[in-house]
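Undergrad: Starting from the known structure of chain L, arrange chains V and H on it as the hints suggest.
Chains as they are written, first to last, in this note's numbering: chain L, 1 to 324; chain V, 1 to 227; chain H, 1 to 811.
To be clear, the hints were calculated from the coordinates, so they are not data collected in a lab.
These numbers come from a predicted model, not from an experiment.
The reader is advised that the hints may include incorrect statements.
[As the list claims (entries may be wrong)] Listed next, the stretches of chain L that the computed footprint assigns to chain H, with coverage defined by at least 3 CB atoms under 8 angstroms from CB atoms of chain H:
id, region
1, 45-59
2, 199-205
[As the list claims (entries may be wrong)] Between beta-carbon pairs, the in silico distance windows are:
id, chain 1, residue 1, chain 2, residue 2, range
3, V, 88, L, 272, 32 to 40 angstroms
4, H, 273, L, 108, 28 to 36 angstroms
5, L, 108, H, 478, 33 to 41 angstroms
6, H, 345, V, 165, 51 to 59 angstroms
7, V, 37, L, 318, 32 to 40 angstroms
8, H, 545, L, 210, 45 to 53 angstroms
9, V, 164, H, 385, 29 to 37 angstroms
10, V, 165, H, 412, 55 to 63 angstroms
Idealized CB from N, CA, C, for every residue including glycine.
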Amino acid sequence: MTGLAPEPVTAAANPPVEPLETNLGARDVVRASAMPDLPAPDRRLTEVAKLIDVSKCIGCKACQSACAEWNETHPEIGVNTGVYENPPDLSAEMFTLMRFTEYDNPATGDFEWLIRKDGCMHCEEPGCLAACPAPGAIVQYSNGIVDFIHENCIGCGYCIIGCPFDVPRISPKDNRSYKCTLCSDRVGVGQGPACAKACPTQAIVFGTKTAMIEHANDRIADLKSRGYANAGIYDPAGVGGTHVIYVLHHADQPSLYSGLPDDPQVASTVSAWKGANKTIGLAALGLAAAGAVLHGLFARANRVSAEDEAEAQALVDRSGEGSA
Amino acid sequence: MTQGMTRRHFSDRGDRILDRDPVRVGRYRLFTRINHWIIAATTILLLLSGLAFYWPPLFWLTALFGGGQTARWLHPILGLVLAVGYLLMFVQLVARNIPRHDDLVWLRHARDVMDQNEEKLPTLGKYNAGQKFVFWAMAGLILILLGTGTMIWHEVFPDLVSIPARRWAVLGHSVAAVLMGLTFILHVYAGIWTRGTLSAMTRGWVTGGWAWRHHRKWLKEVAGRRD
Amino acid sequence: MTNSWTDIGNTDLAIVMGGNAAEAHPCGFKWVTEAKANRGARLIVVDPRFTRTAAVADYYAPIRPGSDIAFLMGVIRWCIENDKVQWEYVKNYTSAAFLVRDDYGWADGLFTGYNDETHSYDMTSWEYQIGDDGFAKVDPTLQDPRCVWNLLKAHVDIYTPEFVSNVCGTPVDRFLKVCEMIGETSATDKVMTSMYALGWTQHSKGSQNIRGMAMLQLILGNIGLRGGGVNALRGHSNIQGLTDIGLMSNLIPGYLNIPRDTEVDYATYMSTRANKPLRPNQTSYWQNYGKFMVSFMKAMWGDAATAENDWAYHYLPKLDVPSYDILRTFDMMAKGEVNLYFCQGFNPLLSFPNRAKVTEGLSKLKLLVVMDPLQTETAHFWENHGTFNDVDTASIQTEVLELPTTCFAEDEGALVNSGRWLQWHWAGATPPEMARRDIEIMANIFRRVRKLYEDEGGAFPDPILNLTWDYAEELAPTAAELAREMNGRALTDLLDPADPAKVLVPAGKQVKNFSQLRDDGSTMSGCWIYSGCWNEDGNMMARRDNTDPDNTGAFLNWAFAWPMNRRILYNRASADLQGKAWDPTRKLIEWDGEKWAGYDVPDMGVTAKPEEVMPFIMTNEGVGKLFSRKGMVDGPFPTHMEPFESPVENVLNPKLRGNPAARVFPDDLAQMATSDEFPFVGTSYRLTEHFHYWTKHNPVNAALQPEFFVEISEQLAAERGIRLGQQVRVWSKRGEVWAKAVVTKRIRPLTCAGKTVHVVGIPLHWGFTGVARKGWGPNSLTPFVGDANIQTPEFKAFLVNIEPVEGGPLA
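If we strip away everything but chain L, and leave its shape as in the complex, we get (with noise of 0.2 angstroms):
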């Protein structure tokens, strides 16, 4: 093997071709489910972000077939129901999904048709890593990917509830849950996910974040010089930003855009289940227990005495004298 690979910084550049070993892996994770004293890791690598240009997007699906080559995943070959979502949901099959919205704009009297790539957003407190039981199913990188390490998934689907998006999903076949990995393993060798490098109109592109942002904010100016006047990025402060964002023409309604959180976090339920519930219940578990074993070690234990012997003899003696 060669040296590493460098930190992709776009996924329209031709990657390296070299074989590389990879540059991202278990001593990059910042974040495991179910591991919270895990050491920082010796390095940070530069956080990245994946940007979905909704106004650039011509929902040519080519997304979802790079993803599908690229993880070898055989989504279902369905049936239509009326509308061009295909496969019809997100799927341990199908990572990434166009979404289509058909858009009166009361404002305009123009219609809309909005469409929008759904998929994991990468969160940076992500819901799904917080909810999980099992030890490094889920983890984080410190450039910002949610990885699933489906070696130690339960298949429990408790990911599912405490994401905000929607995202995961179980396979029936192997009962391990499935999302975008925003292609780590091409990012750790220097390449962008597949999504972005199949986009025929760059609507997906991926860079650090920071280029990122300065990117959508280009893209913005040019939707506000366009007449949409409150376009803006979807990188909800909810769950500490995100590492997949989004250019909307219409920032101020993320809602529009296929039920698309206006205002994501991970649900109160979820941090009152993993939160004050779970020190509460172990502290009441542990005192009890320790109560009881103190009790009993100290305590007078409640014995019958020979008194209490002898009154039921004496009464079941004089019962059977009554009833014979």
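TA: Here is chains V and H on its own, set in the frame of chain L:
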């Protein structure tokens, strides 16, 4: 017959004096005891696997089941076994677990219970308020755990309810599980602290003295019965 | 394309009309997004459906299928009325000033010379006034009422915004907004590009749709400029190559013609070609026709083609009809007049109109040979697939041979893209065991046929026995050998005409390009327009240098573009009369006082003086033709015509049906419907998830768009009681299909001639082979009629009916 019925306020049909000297009182039939221990075993396994999912430092407990994947699919099945077992037990024991006025008095004297001031306590039927509490708490918690567990049983019911509902379910499931754990501790400890109790569930009988001391009305009724 | 894909990135305004670039050409559409993102360019989409192109457009206007001419003439009228004309360009570079004969005229939707019996025009009057000097008369002041400009003004006068709206169903405000955006590009520093595809060609007047846009672009001064032009987006990756190389029944390579039977000898054939210039000092490049023709004949028959035998002109087949296009061929087939059909890289059972007639034709063959990498429906036309292909197998006697071929990725060679770039590619995969290259199969067949002629003589063996076949391996000619043959070489030493002592090209060497071809038999070239693709400098098509000085989008060292590696046709028009770029930021070539030079290969003799020789050297006029004279059989100007099956009458003349000059076979007219029986307009199209009928064999593509559907408006769904996703039956006078209903806001009812017109969108891509779900193509429904000029079938506008179905044949 009518007489027999009227006399069974405090005892179940199978309860009877097994031996008169020393007195041994039959408290649980074999079926009940086996069922109890199935329930006990599944509860323990459920608590262990549940704890493993609940608290990462205990995730290693899944190894007892052959790994996380196995623990994941086994847990809800054990839950079903528990629910069915408890349902049978519930049907058997519910009549004697209806709260009565005596229970209130007994509870008011909780301190005397702990201090073993037996003379200050009311005489009781087959169960005291503590036992009844365990009975009802378990019934309620198992019902909650069954309901919420079904909602988050992804493998079998992947889309039974919405994700927000599943979030409530998983929260409810864990709260109920903690409460069940507490009830379980209470139950086990009470059984151990109150010496002479265990044999009711192991061999099916208690000594006359135990019955006199803790469940005098029950003893009186059983002793006075002719069946 | 006049320009290239990369050049679209230079535009200020892209209009996609008659196409759906984002869906059908997503990779090429990238250049529109580049222009939008980097130059702030705007995008207009005019389409019956709100397509995925419209989803990223700045402005969208709906239009009724088949009414594009009215729209375009309306835009021209608006531009003239509002002085949105690039006057210098129009006066100097177009035929605006040419005077037309007094007997030319137009009335009631028809031009002068129409013959009601033959359904064709006598085009005599469609001609300029010719002066005594043999040149066309002109009036540079544009005052003469008979000048082309004034005739054009009069011709478009009826196309008011209200008229357009009434015919096209486009709301007046939307139409006017489009006009305003287009009109801005008449400025010398604003350029519009037109991108069209089958949405314009697949009509009975498809050629006139494109003419309309070409005229508009001339008026705006947008042809020959960076970011401008009239750009045909070709469908297959190599369909441009198909036409270039002459795979048409009436063409030989390089857009030369197959002779008609009236052209009995070479001199007669050449008498109507090699056009003389119509104005003094102009270049009429087709005067070189003979050089290309003779070089082609030498490439075909080598020493057997001599000056004495008219270069073996008698070897060439002669047409007794204008063309044996697919419609005529299948019409003959259905009449039992064809024995053997060699079907190479086509799937007519799903691609040609009126599938019932196609099936009938194939069933009457003796032998059908299908060469294809995939199992096509055509090869299996005789198999019964229930409702999906309901044929009586036992009654079909056609013998079918399937010869599996390699696909493009398993072979090397050049693909020609829409921008005329010949891009060499190398094999990327090993072909499966039985598959063989098309060339090898053809070579094997040829050897056997030649053997038969050798052994048995036959009626006319010479063209076969004398055919040049000097490939290293007789049965496996290589792509490189064929490319070198197309480029051409000197057969004897070519001497410099200026200095006979100097040898320009020694015998046996490749010519540099077609400027070295000669008509004396000293050169050969299989396809003159490709000459220069593989000369003594090597394989120019394999070049991969993507440097682009000053970011002009030309990429002159990337692959090879015909002709002469020129990237923008008519690029001389990018400069004003004196030879300076109209817009210095868009400089392409300029006159430096002695010669033309710049970023592109000049489309002009490099020393031709700017104020003398005009830019459009492929015309006899030397200028862009606003009046096409006899160039098109259905009129010198585009005039509004309805589709053959239309929901409304032609407002210009209710007696007219379709294109009055189109060829319709008698039986087919009887199978055309009126809107009483079939009230809705059907239109066919492709989806971005699939490529034609190929990718239904690929599981990934099949998963992305698994099943046949039709698209209808919410209003039509309500009218017919159709639910989202429900099965529907769609039928025309020729056939029926079952599909899932996509009910959408993207198609809306239009109001035309006071009538509500509903459109039913019918994508193709499904059949009965492959891994996607079984379905049908729109060709089960479409009429058997083509464009009057080139016979492209009318797939884009026809009449259908629709009803909901419970428990139909679909899943």
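Undergrad: Would you mind marking each hint as holding or not holding in the structure?
TA: Tested hints:
1. 45-59: Holds, because 5 residues of the region 45-59 of chain L bring their Cβ atoms closer than 8 angstroms to Cβ atoms of chain H.
2. 199-205: holds (count 4)
3. V/88 - L/272: 32 to 40 angstroms: holds, 34 angstroms
4. H/273 - L/108: 28 to 36 angstroms: violated, 55 angstroms
5. L/108 - H/478: 33 to 41 angstroms: violated, 58 angstroms
6. H/345 - V/165: 51 to 59 angstroms: holds, 56 angstroms
7. V/37 - L/318: 32 to 40 angstroms: holds, 35 angstroms
8. H/545 - L/210: 45 to 53 angstroms: Roughly 33 angstroms apart at Cβ, these two residues miss the hinted range, so it is violated.
9. V/164 - H/385: 29 to 37 angstroms: At roughly 47 angstroms between Cβ atoms, residue 385 of chain H and residue 164 of chain V fall outside 29 to 37 angstroms, so the hint is violated.
10. V/165 - H/412: 55 to 63 angstroms: Between residue 165 of chain V and residue 412 of chain H, where Cβ atoms are some 59 angstroms apart, the hint holds.
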